[in-house]
Each structure stands twice: as C-alpha cells, then as structure tokens.
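Those protein sequences? They're chains Z and A, same order as listed.
Mapping of the first sequence onto my numbering: residues 1 to 114, in sequence order.
Mapping of the second sequence onto my numbering: residues 1 to 111, in sequence order.
No lab work stands behind these hints: they were computed from the structure.
Among the hints, erroneous ones may be present.
Coverage of chain A stretches by chain Z, computed from C-beta distances (three or more under 8 Å per stretch; other residues unrestricted) [stated by the list, open to error]:
1. 39-46
2. 102-111
Cβ-Cβ distance ranges computed for the label pairs, FRET-style [what the hints assert, rightly or not]:
3. A:8 / Z:107: 20 to 28 Å
4. A:59 / Z:110: 33 to 41 Å
5. A:67 / Z:5: 36 to 44 Å
6. A:76 / Z:80: 45 to 53 Å
7. Z:67 / A:10: 34 to 42 Å
8. A:42 / Z:52: 27 to 35 Å
9. Z:54 / A:11: 47 to 55 Å
10. A:76 / Z:83: 38 to 46 Å
11. Z:79 / A:63: 46 to 54 Å
12. Z:101 / A:106: 35 to 43 Å
13. Z:18 / A:11: 20 to 28 Å
14. Z:60 / A:92: 14 to 22 Å
15. Z:80 / A:72: 41 to 49 Å
Quantities reported herein were computed from a predicted structural model and do not represent experimental measurements.
Built from N, CA and C at the ideal position, the CB exists for glycine as well.
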Amino acid sequence: SQTIHQWPATLVQPVGSPLSLECTVEGTSNPNLYWYRQAAGRGLQLLFYSVGIGQISSEVPQNLSASRPQDRQFILSSKKLLLSDSGFYLCAWTPQGPGNQPQHFGDGTRLSIL
Amino acid sequence: DAKTTQPPSMDCAEGRAANLPCNHSTISGNEYVYWYRQIHSQGPQYIIHGLKNNETNEMASLIITEDRKSSTLILPHATLRDTAVYYCIVRVRGSARQLTFGSGTQLTVLP
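One chain only, chain A, in its complex shape:
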C-alpha cells in the first residue's frame, strides 16, 4: 500500500473549517484514500473514503487532486469535539489486508 505523509499537528478555531492535507504521491490506480480519526483512548473512527472523485458525507468532505497524489479532508465547521488525531490511509480496493496507519495529524480545535 502507498505511503502517506501528513503534518504532525494543526490548530483550528472553533466554528471554522479545518483543512487537513495528506500526500500520497505513490498511490496506484486501484488504491482508495481513507480517513479515520482517533480521540484519545478510543478506537479509530471511520470518517470518509474515496477513489478519485470528491466525496461528502455528514461528517466531512474529501477533496482528491486530479493526479490523486494528494487529498484534503475538510471539516466544515470544527467543534471542540473534533479535536483528535486524523489518519490518512491508502488501501487497495478489495484488499482484506491491513490499513497501514501512520502517525497522523493531531488536530486541536481552539475555543
């Protein structure tokens, strides 16, 4: 699976949009981009995933560049409860194997 690179930490003001970047320059054509988050001492929570089109759900939006080498997770109106470590992961479609979690981005939403 392709390796991902994320900034180690970011701050965001409460009520503003949080934009979390991820680089996956070695992604292959059959690999999806997944985003998870982990609040301290809890299991990771699935947020969203996509292949090449932008995706939106009730939690967030995922913007994938045309060359698929990077993506951005957007939390449109961040709240204090969105403070967590956010992981960007790529995985081959249909793979039963692992999600390879890196070190992620610690997002801190400030009041």
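Pulled out of the complex, with its shape left as it was, chain Z reads as follows:
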C-alpha cells in the first residue's frame, strides 16, 4: 500500500533562518505531489505542485520554493524565513494520469517562526 511521510512533525525556527521540509511517498511511482499551507483557523492554500522530477508549478508568489530531486521526494525550502511563514504545512499525492483519484495527505509539519 502507498504511504506518505513528512518530517519533521514540528519545527521552531528564528526569523531569517533557512528551511527544509521533506516529503516522501512509498508504494507508488511517478505520483503528482503537492505542498499546502494552512494558517490557523483557515482552509488549505496550495503552494506548489509537481507532475514529475524537476517539474514544479508555483501557485502563489512567496518566500518559499519547492524541488523534486527524485520521483517520490518533494522538498519545501526557504533561504530566509519570515514571521508570516508560520503555519501548518501539508504534503499530498495522487496517482499520475487522467482520472478522479483523491489526494492523500501526510500528517503535516507545524512550523513556528520566532
């Protein structure tokens, strides 16, 4: 069966520090991968999605970037964190190809910027 892993589960970082959050999917190949952010009390906002290695689409201009160095690995990064980057970050995946398969989410990373 397929599983998705995110780490770390929680992270506290000072303003101006770098960030690297990692997401990996097991049990499938060539998945579509997604990064979302959820601010407290709000819905999810799509940040990035990827349909293949090295292919990244950005949904909103921001202080973050994403990379997909391997088929089942998706990384969210920042060179210098801002206070506004605090939030709950979620990675998700779907199988590749046409269809109506639902997205499946990881357990998230709660990021606090001090």
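Mind docking chain A on chain Z? Use the hints.
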C-alpha cells in the same frame, strides 16, 4: 474550479446520522465533488467523492442532487471520533492541480 459553500458549524448527537450540506451551484459537467475531513492538528483525510450518482463507502454516503448544484455527506452513525472539520471540494476530472479548500464545516458530535 467551482466554489463551494458550507455552513460553518453543526452539532450531531452520538449515534445519530450527521448530514453535512454543500452548495456548488457553479459546478461544471466535468467536475467531481470530493469530501475530506480534518481532525485537529492532523492532515486532511479523504472520505468520498462522486460525479453525479450517489456513492457509498465504509465511511459515508454522498448524495448529489440531480442538477448537481448541491450535495450532502452522510455519516450514518456519528461517533465522537467523527468530530472534525469537513471540507467539500470540487475539482476537474484528471486535473493535476489543486484541491481548493474552503473554510469547511466544524462538526461536533455530542455525547
């Protein structure tokens, strides 16, 4: 993707059916309706989805109106563990793009 409208909160007695409504009046013919839920501090959990026929799985039933402008998620026998925020989302079939999450419905199951 079509916009959805859900009530901000609902209560349900434990053991009773929970019926969560969703309006998606601008839905187009190739858009599916998806339901997710999110328990506090966890990632969203997929529940069910459908196009125009009613659907049922081990978690819930999805009733879509004939004109497809609204739907209802039914949890047949709600338990305390069903307390969560429930999101109704529409998405184009085959789209690799986002699920647009709104603010959802906070369902509280009462003992």
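Consistency of beta-carbon spacing, residue 63 of chain A to residue 79 of chain Z, with hint 46 to 54 Å = holds (48 Å)
Is it true that the C-beta distance of residue 67 of chain Z to residue 10 of chain A lies inside 34 to 42 Å, as the hint says?
-> Taking Cβ atoms as reference, residue 67 of chain Z and residue 10 of chain A lie about 41 Å apart, which means the hint holds.
Residue 67 of chain A paired with residue 5 of chain Z, Cβ distance criterion 36 to 44 Å = holds (41 Å)
Take the C-beta atom of residue 76 of chain A and the C-beta atom of residue 83 of chain Z, compute their distance, and say whether it sits inside 38 to 46 Å.
-> holds (44 Å)
Do residue 59 of chain A and residue 110 of chain Z keep their Cβ atoms within the hinted range of 33 to 41 Å?
-> Check failed, 26 Å falls outside 33 to 41 Å.
According to a criterion of three or more residues whose C-beta lies within less than 8 Å of a C-beta of chain Z, is the region 102-111 of chain A covered?
-> Holds: 3 residues of the region 102-111 of chain A have a Cβ under 8 Å from chain Z.
Mind checking the hinted window 20 to 28 Å against the Cβ distance between residue 18 of chain Z and residue 11 of chain A?
-> violated (44 Å)
Is 27 to 35 Å a correct range for the gap between the Cβ atoms of residue 42 of chain A and residue 52 of chain Z?
-> holds (28 Å)
Supplied distance hint 41 to 49 Å, evaluated on CB atoms of residue 80 of chain Z and residue 72 of chain A = holds (46 Å)
Has the region 39-46 of chain A got at least three residues whose CB is nearer than 8 Å to a CB belonging to chain Z?
-> holds (count 6)
Assessment of proposed distance window 35 to 43 Å (beta carbons of residue 101 of chain Z, residue 106 of chain A) = violated (27 Å)
Could one say that the CB atoms of residue 60 of chain Z and residue 92 of chain A fall in the range 14 to 22 Å?
-> holds (20 Å)
Checked against the numbered hints given earlier, the structure breaks hints 4, 12 and 13 and satisfies all the rest.
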